[in-house]
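All chains, full assembly: derive it from the sequences and hints.
There are 2 protein chains.
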Amino acid sequence: MTDTKSTSKTGVLIIGAGPAGLMLALWLARLGVDARLVDKRTDKVYSGQADGFQVRSLEILDSFGIADKIWNESNHMIEVCFWNPDETGTIRRDNRVVNGRAGLSRFHEVVLHQGRAETFFLDAIRDSYGPATSMDEDDVGAKTENATKTEKKSIRTHPRRRIAVERKVTPTSLAIDKQQVNDADDYPVTVTLRHLSESEATPTQVLSNVQDGLFRSNLDPPDEGVETQRKDPPVFVQEEVVQCKYVVGCDGAHSWTRKALGPEFDMVGEMTDYIWGVLDIVPITDFPDIRNRTMIHSAANGSLMVIPRENRLVRLYIQLTEVSVGSGRVDRSQIKPGMIMKAAKKIMSPYNIDYHYCDWWTAYQIGQRVGNHFSKLNRVFLAGDAVHTHSPKAGQGMNVSMQDTYNLGWKLGLVCKGILQPEVLSTYELERRAIAKQLIAFDHRFSRLFSGRPAKDILDETGVSMDEFASAFRQSHMFTTAVGIKYQPSILVAAAADSPPEQPADDKTETDDDVPQSTAHSTSALSTACIVGMRFPSHQVLRHADARPWHLHHKMPSDGRFRLVVFGGELTVSSPQLEKVNKLGAWLANTLLPKLPTMALMQGTTNLHGGGRPGYGLAPEKPPSIVDVLLVYASPSDSSGSAVEAPDLLDFHEVYHPFDSKLGHDYDKVFVDRPSHHDGDGRAYENYGIDRMRGVLVGVRPDGYIGLMTSLDADAGWNEVARWFQGILQPRTGDK
Amino acid sequence: MTDTKSTSKTGVLIIGAGPAGLMLALWLARLGVDARLVDKRTDKVYSGQADGFQVRSLEILDSFGIADKIWNESNHMIEVCFWNPDETGTIRRDNRVVNGRAGLSRFHEVVLHQGRAETFFLDAIRDSYGPATSMDEDDVGAKTENATKTEKKSIRTHPRRRIAVERKVTPTSLAIDKQQVNDADDYPVTVTLRHLSESEATPTQVLSNVQDGLFRSNLDPPDEGVETQRKDPPVFVQEEVVQCKYVVGCDGAHSWTRKALGPEFDMVGEMTDYIWGVLDIVPITDFPDIRNRTMIHSAANGSLMVIPRENRLVRLYIQLTEVSVGSGRVDRSQIKPGMIMKAAKKIMSPYNIDYHYCDWWTAYQIGQRVGNHFSKLNRVFLAGDAVHTHSPKAGQGMNVSMQDTYNLGWKLGLVCKGILQPEVLSTYELERRAIAKQLIAFDHRFSRLFSGRPAKDILDETGVSMDEFASAFRQSHMFTTAVGIKYQPSILVAAAADSPPEQPADDKTETDDDVPQSTAHSTSALSTACIVGMRFPSHQVLRHADARPWHLHHKMPSDGRFRLVVFGGELTVSSPQLEKVNKLGAWLANTLLPKLPTMALMQGTTNLHGGGRPGYGLAPEKPPSIVDVLLVYASPSDSSGSAVEAPDLLDFHEVYHPFDSKLGHDYDKVFVDRPSHHDGDGRAYENYGIDRMRGVLVGVRPDGYIGLMTSLDADAGWNEVARWFQGILQPRTGDK
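Just so you know, the protein sequences line up as chains C and P, in that order. Okay, so the first sequence: first residue is 1 according to the UniProt record's numbering, each after it adds one. Okay, so the second sequence: first residue is 1 according to the UniProt record's numbering, each after it adds one.
Possibly wrong hints are sitting among the right ones.
Given that identical chains are not distinguished, each listed pair holds provided it fits within a single copy or across any two copies.
[To be verified] Below, a list of computed lysine-lysine pairs in the DSS-like style, where the Cα atoms sit at most 25 Å apart: (1) Lys-437 / Lys-336; (2) Lys-486 / Lys-580; (3) Lys-437 / Lys-456; (4) Lys-346 / Lys-417; (5) Lys-345 / Lys-178; (6) Lys-417 / Lys-178; (7) Lys-662 / Lys-622; (8) Lys-9 / Lys-259; (9) Lys-662 / Lys-342; (10) Lys-580 / Lys-259; (11) Lys-345 / Lys-662; (12) Lys-662 / Lys-437; (13) Lys-486 / Lys-437; (14) Lys-69 / Lys-595; (15) Lys-595 / Lys-342; (16) Lys-346 / Lys-580; (17) Lys-259 / Lys-583; (18) Lys-662 / Lys-336; (19) Lys-662 / Lys-346; (20) Lys-622 / Lys-346; (21) Lys-69 / Lys-437.
It should be emphasised that the hints constitute simulated quantities derived from the structure, not laboratory data. Quantities reported herein were computed from a predicted structural model and do not represent experimental measurements.
And the structure:
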């Protein structure tokens with residue numbers, strides 16, 4: 001079977017190129033870390049699968065510069081309608097309300113099929129390296145266009161320069177050398193990869209998406225690998241042994257990686273008796289709310305959810321009350337698009353619904369399961385569906401999966417670059433397993449309320465109260481948007497000294513007690529809207545140099561840098577507060593930053609917004625500090641900002657406008673809270689809940705979560721900053 | 001010299017692929033009209049040239065789906081600063097105000113170099129035809145990558161299917177057969193094209209942009225064609241004779257086309273003594289307003305304008321007071337970047353300015369000239385710099401040029417398709433020559449105020465008053481943004497019966513009296529903000545079907561369709577006003593629209609915003625009417641929009657939600673004026689100045705200009721609509 005065998009090394013091997021794997025690959029590309037991304041499938045997803053993009057996911061995608069594309073192409077779900085049986089058992093609209101909550105973010109929930117997002121990820125990974133040259137072309141890993149060519153090409157043994165998806169590649173063995181796991185420079189994980197032939201990698205099930213919608217459904221027998229779906233015997237097989245510093249399994253609900261880690265890696269949870277069908281169609285209907293997110297509980301025919309999609313597509317989630325679960329295993333042969341549609345018609349009656357075009361369909365059995373471990377020895381990690389599975393109707397799966405690897409990516413990347421201390425890696429399981437458990441608990445409650453029969457009246461105890469359902473839906477926004485998630489105190493998140501710990505007991509994971517803690521302490525009272533452990537919120541401010549309005553998030557791209565956001569308070573040329581801000585600047589420039597690492601930024605990480613023609617041949621003189629300093633001051637409320645007392649840029653310490661002998665001053669680090677000319681008033685100090693006379697210093701992690709909040713005061717606040725970084729970063733040894 | 005000679009036919013031959021030519025090509029691509037675009041240069045502009053994008057240009061580019069890219073990459077010029085000499089003669093900031101006027105549009109002025117815009121045009125032209133197939137590839141006209149290949153390729157004689165720039169092609173003769181000009185199906189214009197070799201097409205001047213910045217400057221000897229710049233004798237030359245329905249010269253200030261039309265086509269105007277230099281640099285400076293648009297009048301060293309650009313670039317316009325105009329011709333050898341910079345330093349003193357990197361430079365002599373004719377026999381047209389030249393500092397040139405062909409493109413395209421009556425073509429000169437004359441008058445006044453020495457005091461009569469300068473600048477916004485421009489009554493613009501004509505006498509062109517007028521009449525009192533002859537303004541409304549906020553402009557893409565915007569007033573299920581709106585709907589569907597042509601839309605014209613994965617294989621059953629009907633109603637002010645009285649989509653006549661047996665209802669034609677959940681309240685009826693109890697019917701041309709405004713009333717308003725279209729459109733003869 002094996003015709004050739006080769007060996008190679010890589011920093012990070014990512015198994016699975018779905019949204020979780022792609023998010024991780026994008027992080028590592030942006031950080032310039034040597035990594036590989038393999039997937040056994042022949043191509044990306046073209047239809048069906050996940051489609052919901054939640055608020056926090058859009059913020060994250062925007063930090064990589066790719067949210068605009070999704071925002072523009074997607075359908076925006078603004079309102080949600082609740083339809084319930086009336087006294088006669090006929091469905092009728094009970095309510096129409098905003099979907100989510102206004103004011104949480106500059107984004108709201110949108111829907112677009114997963115394949116488009118995967119395309120944008122692939123483009124962004126490629127663009128991370130700047131324009132391609134012909135020299136690079138040969139270096140971009142396995143291509144899919146021409147299988148024969150790929151198969152005959154010998155596997156390179158040099159570290160690859162660019163990350164690109166290597167398709168038709170599947171792992172066959174994984175081993176960890178425990179002697180090597182403590183040295184960050186070692187490659188303790190050995191994985192054997194098998195490069196598949198075209199026919200071997202193409203399961204018959206995916207030849208047409210409408211032929212068998214149950215491919216990849218959880219009603220399908222577990223997918224033990226593509227061998228079971230092979231059409232022909234392979235004609236040519238290559239095996240490759242890869243030595244890895246780290247391996248991350250993003251390989252879905254039937255994760256090969258999870259199984260390879262042994263029987264102690266288990267999924268804990270249970271299945272329900274509820275079976276649901278899914279249809280992506282262009283509907284022909286007189287139902288009035290077909291373009292709104294709509295939840296229909298029928299009197300006796302089950303429930304249905306309408307998810308209006310991009311273009312004229314609509315996704316219907318349809319409860320299949322007539323499919324029997326029987327002895328725990330569903331009879332798959334019963335389930336076809338026609339019977340799913342029949343169920344939908346019954347639920348939506350007296351309205352008519354039909355279709356000419358069906359884009360995709362599937363069915364699934366509701367269940368909730370979570371992995372008991374998310375990593376092994378902090379060298380092999382699991383993410384996404386590999387560690388949490390649940391029902392898809394709340395549009396959470398792809399989002400939580402992407403957010404898993406968004407949490408992991410910068411940690412792995414900066415450890416590989418020798419910038420971050422390896423202990424930080426233990427925060428991945430701490431932070432993300434708690435979220436997975438919250439997800440499972442949410443889904444457990446929500447699916448039972450939605451799949452349950454509506455109560456006929458208040459005495460109907462086995463029925464579900466429609467008021468309780470609507471209320472559960474409303475209360476879920478902070479979690480489902482992921483804006484409300486909060487990471488526990490750790491080496492990365494300096495606990496507040498002025499408020500008691502508030503973490504609910506059931507979020508604790510088994511490893512909580514082992515987690516190293518920061519020696520720094522936060523002061524939570526300095527801002528009412530910035531919460532340590534939560535994502536830094538974004539509000540509009542104006543750039544000092546040109547009065548252009550920016551969301552602060554736009555100045556905090558995912559480039560691997562920590563950020564100190566100096567809320568300087570009200571500043572005028574003559575104010576003592578300006579002196580304080582400049583004293584802090586001098587301490588940062590002369591004392592703190594020289595001790596911390598620097599990091600050259602990749603091309604794709606600059607000019608995400610307001611960029612332009614790619615570089616005119618001028619690189620900065622020296623790599624910037626790993627810590628990016630932003631100043632946000634308030635314009636005195638009695639001033640229009642153009643008053644004589646308004647400071648000019650050079651009135652601020654140079655740390656706030658770093659000077660480069662070829663590029664001049666950096667005009668993109670100082671911002672002011674005042675009304676814009678065209679885009680309203682961001683009222684940032686008010687929205688952040690920050691005292692305009694006092695200010696605050698906020699330490700933000702590379703993933704946008706707040707790790708520290710302290711005062712601008714010499715010694716007091718400064719020491720907390722120094723201690724926080726000391727626990728996280730390696731000391732500077734040279735430019736990186 | 002001539003090795004091969006071939007003949008071909010084309011609907012429209014466009015000469016010159018700058019912004020004017022590209023805008024025209026984009027229109028024709030979107031309309032699916034057979035056209036060719038030739039340019040003698042080897043490639044598009046990479047640096048320098050024009051950079052200002054005005055409000056109306058951005059609206060127009062957005063109607064083609066390409067404003068987002070410019071908006072994101074460009075620098076936004078939010079504020080403008082005025083620096084003048086103080087009592088001691090030292091410059092100081094007199095004022096800082098908003099650049100332009102807030103509330104004119106959803107856009108404001110931005111700057112980005114012309115080459116990026118040209119790239120976006122080329123992409124948009126290509127995307128008009130949908131995804132490329134391998135079959136198309138051979139059909140895309142002359143390629144530039146491989147000159148030898150192109151030269152040897154025989155010229156196709158079939159109409160080309162896709163428009164693409166054919167570079168290194170220059171016209172050598174033009175003749176009009178006057179016998180043929182009256183038949184719209186004839187090809188009366190014969191042009192000989194010469195296909196140049198690579199060396200012939202590459203003037204030495206453009207080998208490096210920094211080598212000689214005066215290439216293409218108006219200080220240069222007139223550019224009589226590339227022959228004078230040839231390096232080597234041509235090795236292989238092809239000539240092609242093209243029979244054209246129409247020819248448009250977009251070939252710049254030294255327009256070959258204009259000269260080919262004979263001596264009666266002249267540029268009228270004069271030059272001044274003012275010489276200015278231009279530098280595009282990355283500045284190293286302590287001048288505080290280097291990132292704002294800044295106008296500096298120094299006491300004795302001349303004036304300077306700062307235009308902050310994308311990335312870290314800044315453009316400086318610098319008056320060169322030490323260059324003598326002499327006997328009317330400038331000594332070019334004096335002018336180098338170093339001497340221009342020296343002049344800048346003197347003006348900006350006591351601030352320092354320097355640079356390490358210069359992207360581009362040039363110099364020019366201020367003058368204003370306008371063409372006396374814009375077309376010959378409505379078969380050959382001139383546009384852009386070919387008919388108006390002036391100083392560049394107000395950022396008008398590229399904008400007025402693009403707007404010339406934006407005005408012409410749909411007229412030519414729809415005449416070629418047999419939809420529009422050929423008489424409409426005479427409105428091009430009527431409408432655009434008036435604008436060119438306004439431009440010249442504006443530039444004349446503004447350049448003298450800016451180039452003049454500041455008055456020392458009120459008695460200094462030869463000096464320029466800085467108050468007058470600032471006031472002239474403020475008053476110019478409606479013109480410089482192009483939001484205020486107004487086209488005269490004609491066959492396309494039905495004059496208001498209820499208000500006197502207000503056209504200033506000096507805007508009249510020689511041909512005004514010949515212009516055919518519409519037999520319809522507008523009622524101007526029905527809206528205070530919609531003005532007949534001006535562009536239809538855009539305000540935010542919510543889509544009825546899903547509550548998503550849209551600017552109305554986003555639902556009026558440049559796809560060649562006329563639009564009837566039915567402002568229906570306040571509508572509830574039981575209101576008599578709904579009955580009136582539905583009666584109008586029935587008349588439109590049953591009486592008017594069946595008489596008017598239909599037009600299949602090109603792929604690139606749909607889903608500009610909120611699009612998604614390109615088509616899932618479903619085309620509409622039948623081509624839509626040339627007239628697109630949009631309904632904008634007001635939500636009763638005492639209702640949240642979710643009240644029981646709110647109409648559902650099917651309560652409206654089907655003309656407002658056209659039904660397709662495969663695609664279902666169209667949910668994208670009915671909009672409601674009510675507050676959004678996330679994006680504020682568009683207050684459309686208030687902003688349009690429309691009576692909520694009465695409404696109005698607005699007829700909008702394919703270029704977004706208002707041609708008719710009348711009431712919803714049976715007979716009264718309906719007859720005006722019928723008359724307006726009768727004067728413009730051909731009767732329906734079959735699907736197009």
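Going down the list of hints, with the structure as the test:
no.: 1; hint: Lys-437 / Lys-336; verdict: neither (33 Å within a copy, 69 Å between copies)
no.: 2; hint: Lys-486 / Lys-580; verdict: neither (32 Å within a copy, 55 Å between copies)
no.: 3; hint: Lys-437 / Lys-456; verdict: neither (33 Å within a copy, 76 Å between copies)
no.: 4; hint: Lys-346 / Lys-417; verdict: neither (59 Å within a copy, 49 Å between copies)
no.: 5; hint: Lys-345 / Lys-178; verdict: neither (58 Å within a copy, 67 Å between copies)
no.: 6; hint: Lys-417 / Lys-178; verdict: within (22 Å within a copy, 75 Å between copies)
no.: 7; hint: Lys-662 / Lys-622; verdict: within (11 Å within a copy, 60 Å between copies)
no.: 8; hint: Lys-9 / Lys-259; verdict: within (23 Å within a copy, 68 Å between copies)
no.: 9; hint: Lys-662 / Lys-342; verdict: between (69 Å within a copy, 19 Å between copies)
no.: 10; hint: Lys-580 / Lys-259; verdict: neither (57 Å within a copy, 68 Å between copies)
no.: 11; hint: Lys-345 / Lys-662; verdict: between (68 Å within a copy, 18 Å between copies)
no.: 12; hint: Lys-662 / Lys-437; verdict: neither (52 Å within a copy, 44 Å between copies)
no.: 13; hint: Lys-486 / Lys-437; verdict: within (13 Å within a copy, 63 Å between copies)
no.: 14; hint: Lys-69 / Lys-595; verdict: neither (39 Å within a copy, 40 Å between copies)
no.: 15; hint: Lys-595 / Lys-342; verdict: neither (68 Å within a copy, 42 Å between copies)
no.: 16; hint: Lys-346 / Lys-580; verdict: neither (69 Å within a copy, 36 Å between copies)
no.: 17; hint: Lys-259 / Lys-583; verdict: neither (55 Å within a copy, 68 Å between copies)
no.: 18; hint: Lys-662 / Lys-336; verdict: between (66 Å within a copy, 21 Å between copies)
no.: 19; hint: Lys-662 / Lys-346; verdict: between (71 Å within a copy, 22 Å between copies)
no.: 20; hint: Lys-622 / Lys-346; verdict: neither (67 Å within a copy, 32 Å between copies)
no.: 21; hint: Lys-69 / Lys-437; verdict: neither (31 Å within a copy, 41 Å between copies)
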